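*Asks:* Chains as they are written, first to last, in the working numbering: chain A, 784 to 1325; chain B, 784 to 1325.
Be aware that a few hints might be false.
Because identical chains cannot be distinguished in the list, a pair is counted as satisfied if it fits within a single copy or across any two copies.
Unchecked claim - Here are the simulated SDA-like pairs of lysine to any residue, each with C-alpha atoms no more than 25 Å apart in a straight line:
hint, residue 1, residue 2
1, 1152, 1140
2, 1273, 874
3, 977, 1262
4, 851, 1323
5, 1042, 1163
6, 1273, 869
7, 1152, 1247
8, 1273, 900
9, 873, 915
What the hints contain is simulated information worked out from the structure, not anything from laboratory work.
Note that the structure is a prediction, hence the values are computed from the model and not measured.
So you can see what is in the structure, the chains are spelled out below.
2 protein chains.
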Amino acid sequence: MRIALSQINSHLGDFETNSKKILEQIQSAKDRHCDLVVFPECALMGYHPVDLLEQPYVVEAQLKALKKIETSIPDGITALVGIIAINPNKVGKPFLNSAILISKNKPSKLFSKQLLPTYDVFDEGRHIEPGETAKNFFKFKGQNVLVTICEDIWAWPQRGGHRYQTYGKNPLTQIPKSKVDLVLNLSASPYIPKKQKERQLVVKQTATHFNAPMVYVNMVGAQDELIYDGGSFAVDSKGKILAQACHFEEDLAILDLEKNEGSKKPLVTHEMESIRQAAVLGLKDFVSKSGFEKVHLGLSGGIDSALVACLAVDALGPQNVKAFLLPGPYTSPLSNQLAQKLCENLGIESHSLSINTGFEVLAEELNEKLGPLEFGLTHENLQARIRGNFLMAISNLKGSLLLGTSNKSELAVGYSTLYGDLCAGLLPIGDLLKTQVFELAKHYNSEHELIPLEIITRPPTAELRENQKDEDSLPPYDQLDPVVYKIVEKVKTPKSDLEKRIYNMMMKSEFKRWQAAPILKLSSHAFGRGRRLPITGAYIYP
Amino acid sequence: MRIALSQINSHLGDFETNSKKILEQIQSAKDRHCDLVVFPECALMGYHPVDLLEQPYVVEAQLKALKKIETSIPDGITALVGIIAINPNKVGKPFLNSAILISKNKPSKLFSKQLLPTYDVFDEGRHIEPGETAKNFFKFKGQNVLVTICEDIWAWPQRGGHRYQTYGKNPLTQIPKSKVDLVLNLSASPYIPKKQKERQLVVKQTATHFNAPMVYVNMVGAQDELIYDGGSFAVDSKGKILAQACHFEEDLAILDLEKNEGSKKPLVTHEMESIRQAAVLGLKDFVSKSGFEKVHLGLSGGIDSALVACLAVDALGPQNVKAFLLPGPYTSPLSNQLAQKLCENLGIESHSLSINTGFEVLAEELNEKLGPLEFGLTHENLQARIRGNFLMAISNLKGSLLLGTSNKSELAVGYSTLYGDLCAGLLPIGDLLKTQVFELAKHYNSEHELIPLEIITRPPTAELRENQKDEDSLPPYDQLDPVVYKIVEKVKTPKSDLEKRIYNMMMKSEFKRWQAAPILKLSSHAFGRGRRLPITGAYIYP
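With the rest of the complex left out, here is chain A:
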């Protein structure tokens, strides 16, 4: 039996694109003499639809596209495609997260997911009714094939799902071991550094449990905040990898079960390089899937905007990235020089707009009507907001998407101006701590000095007042970042005074994050839709 692992990039809700892609991959798999081609979870719908499912005609439109695949599938090949199905029972949630087995002139067969993640970024409990893994069998070339969907294989003790979900029942241990000749898994598993190792562990555990080979097909591509990194693979009954698809790109890997071998692509193992590729994919897909071609950003001469510019150029090419220098009364000449030098290095167009006169005029109007005012936070924020006005005006003028440059450390403690530097269509590095921003910038410079060195070595500053440094308002980043990591990713109780101070800063700035643009998820717990905290009534330490 030859199996194709079809690692596609689905576009949520775009059924024409998705069904065309699926039919093309089926044909490719057939051309390569495969008997079966396996697609990711929700391959036809795209993941994750959340409340798009509440519009009943969306699922109807998907099922219409499915009909077309069913009638167009060529002879001699069988496809297993992730879809959203309608729950045939009148009770419970209206949909099923399913895989459908399709072949020419045969009735299709449906298998549904049992374990529904409802934590972090996942909301499957909102619309999906659980299936029953023990029923998910089909006979193929004399083999008993078990179909599982994503979470269904993650209930092994020690790695049972998420930290806030320990599954009572492992659907796999309720199946007689001898009944299984081959296990398939369809996934839409978002990128987290080191996640591939965990996937290898659960797949190995499943394969060895059943003493059967296993195929794991993951989605690739990005949708809003989530980046699917692909990395689909197949193992033998001992857990040894037989076939391996690449990371971060569409692929069609082949497994030959008789020969016990398959096609193999290298994985991205360097962590910073994997973060870079994830962010680039996330940025590229966000821009193109929301109908944009071009992006722009404000370049301050600091490290955050420099890094976002590098990622944008990687994702979209220098011709689609424009930089804007927005000098104000406290911008040092060095900042402009460094920003300018970076644009030259990246080969991107840049323009400079001054906020000086605008700032003077608006501050004077405030002073005259509400003053006299001393220079303070109001004036700092006003500068950031005038920059926001210019950058959004450029969006309007050029039909270009504005990239924000906030990082996770700033977002955590609210060191950012709402409607100022938080203006953005997307926050590509909003899930990278400042120390990771430095690391990734250095990674960019590992071969030659792409980012002018002084951008990396100068002390971080917002340049919104005389001689301002980030450390005037914040703990140094090498103290701040481990605490943010501990509180957000590890969800540990703050103990020391420093930890409590940072925790309280986090809670008090929840209102800014509520209104933040989508944040590309690059860690195990990002700010954004996967973290839902109240504004009124956060628990504050005394």
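Given chain A, work out where chain B should sit, using these hints.
*Replies:* Chain B only, in chain A's frame:
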């Protein structure tokens, strides 16, 4: 047996305030010779905590406050208090949504919620493990008392939960009818117009099913987007109302079961008046619970900002509301006059800041560096954003919360400027359609002309270009609003060309709503956290 229905306003995560309030109410109930006092769902924690529960020390702190209630409760009275409990089992979600029965020197007893809403604004499936209603009994004064929590009584056919959740099992029909002498329900049920009627129906259905009296205690107060309207009540075994607490305020209603009578307050039955009181409560609690005293807003001379000003004055008093007129190049003299007149009628302070010079300067900088530019959308948005700059500067200067004036119709079709008129700490009328805005404004004028009549009768305009009217860009509101209602609240498939046009406008403006401030929920389906749609990949009609 005398029972007190303690309808309190809990402050999420503020355990000192909540436990003090609970002990005071226990004492009041005792003073009024009650045997039992029943509190709302999550009375001690506050509702709804969502991911605040992920911080384990938050539940610990709540349990510490609970200990204090257990040791301080006076003799001779028993209290049933809604709390978040720790799931004693090692599997499943870590918490239970529970009621705890407390009396002096007796071990407390725990009862847990079985049906966990995970739809719309509710996320209970994220952290809560279901309990078992059939086990939720205690013996009190010789009576078998059944404890239910909120959703547990909503699984009757025909009104089973939410439109996206039909419960397979009704936990109540699995209990022998004869086993029940009295039913208690602890709720945190958010306001929706006409919701009280539905509550009366399910409570009557439950009481008559068991042929037993029933007590329903609802939360009052607001938290972020949700407004709890109270309206707690008790019925006899036929469903006749014996006791009734008020709407929108804390209360302690008394039921005397032997005498078959109780205290009764009138309910708010006029729909516009109930919407007004709900919005006022939502606004007041959002402001105070997030630590503010004062609010301000931009007054345009249009109906939306006029209505928000009225609500703010009702919620906080005229001394805590400041209005800012922000005339620009296209503001008519009439707009300023009407805004001024409204401030006089409301007795609020007003200031005027001109955006003219700021607009000229910023537009000229854009023109010089990126132009020559013709007047267009860029200039319209720029005016709105300079207004946003001023209003946020005032937040910084005065420590006052900015109220936004966007309504649901505008939010639906994206007729608003991101970082411009969308600047806000809260959107108090973001869940009212424009036609409801008119109705509520007229309701304000029902006794005397509080809102200058011309504000209500003039055609809506954003005044961002010469002779602009909303109807230049949008369908007339009397056509737009029924379609928005149909698509958002009724989730119906768009059929006509007009419906498809509006649906597509809605989908394409998802990115603006992603970044919108919290919206007070005043309908069965609001924009905000209860509606989770993707930005990349919304399904668009061809």
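*Asks:* Each hint should be assessed against the structure and marked as holding or not.
*Replies:* Evaluated hints:
1. 1152 <-> 1140: both (18 Å within a copy, 14 Å between copies)
2. 1273 <-> 874: For residue 1273 and residue 874, the Cα distance is within 25 Å only across copies (20 Å; inside one copy 38 Å).
3. 977 <-> 1262: within (24 Å within a copy, 53 Å between copies)
4. 851 <-> 1323: between (56 Å within a copy, 20 Å between copies)
5. 1042 <-> 1163: Neither way: residue 1042 and residue 1163 sit 67 Å apart in one copy and 67 Å across, limit 25 Å.
6. 1273 <-> 869: between (37 Å within a copy, 19 Å between copies)
7. 1152 <-> 1247: both (23 Å within a copy, 23 Å between copies)
8. 1273 <-> 900: Intra 19 Å, inter 27 Å, cutoff 25 Å: intra-copy only.
9. 873 <-> 915: This pair counts as both: shortest intra-copy Cα distance 17 Å, inter-copy 23 Å.
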